[in-house]
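Participant: Sequence:
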Amino acid sequence: MNLQITKKYEYFLFLDIVAWSVFGLLWYFYPARMLSANTNEEKFNSISIHMTRAFAIFLFVSVIPSYYALLKHDKMLAKFTFMCKFNLFIFLLLTMIYDNYMSTQWNHKHYKFGMFGLTLAIVRSEEHTS
190 MNLQITKKYE YFLFLDIVAW SVFGLLWYFY PARMLSANTN EEKFNSISIH
240 MTRAFAIFLF VSVIPSYYAL LKHDKMLAKF TFMCKFNLFI FLLLTMIYDN
290 YMSTQWNHKH YKFGMFGLTL AIVRSEEHTS
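The sequence shown lines up with residues 190 to 319 when you count with the numbering used here.
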């Protein structure tokens, strides 16, 4: 049984698509700037740039389930999408916290820039899983 999504779900699916697309573009086309906004480093080797662009592609891929749920106007699919993203975002946040703790290369801006934005995405996703 497909339940039609409400305007609230449409809005948050659209917001999810736009937010991850914009950050994907930024991480892909400006990898060194995005890295320097989060680390104590100013110059990066080609492996760091490559992995940053790979992360950007992950951001683009994360848009697909939201786009599909919005396209289908299916509330259960939208809830499932937000539930999956919620779980993945928690795992990513824990990884970020661990990496910050274990490394001296990350700086305080990483908390404000990366972790804060991810925490907002977690809260937004959690709101739509119940």
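Fair warning: there could be bad hints in the mix.
Mimicking DSSO-like on lysine-lysine, the simulated pairs with C-alpha atoms at most 27 Å apart in a straight line are [unchecked claim]:
id: 1; residue 1: K196; residue 2: K264
id: 2; residue 1: K196; residue 2: K268
id: 3; residue 1: K264; residue 2: K197
id: 4; residue 1: K268; residue 2: K197
id: 5; residue 1: K197; residue 2: K261
id: 6; residue 1: K261; residue 2: K196
No lab work stands behind these hints: they were computed from the structure.
Participant: Where does the structure disagree with the numbered hints, that is, which hint numbers, in rising order?
Facilitator: Every hint satisfied by this model.
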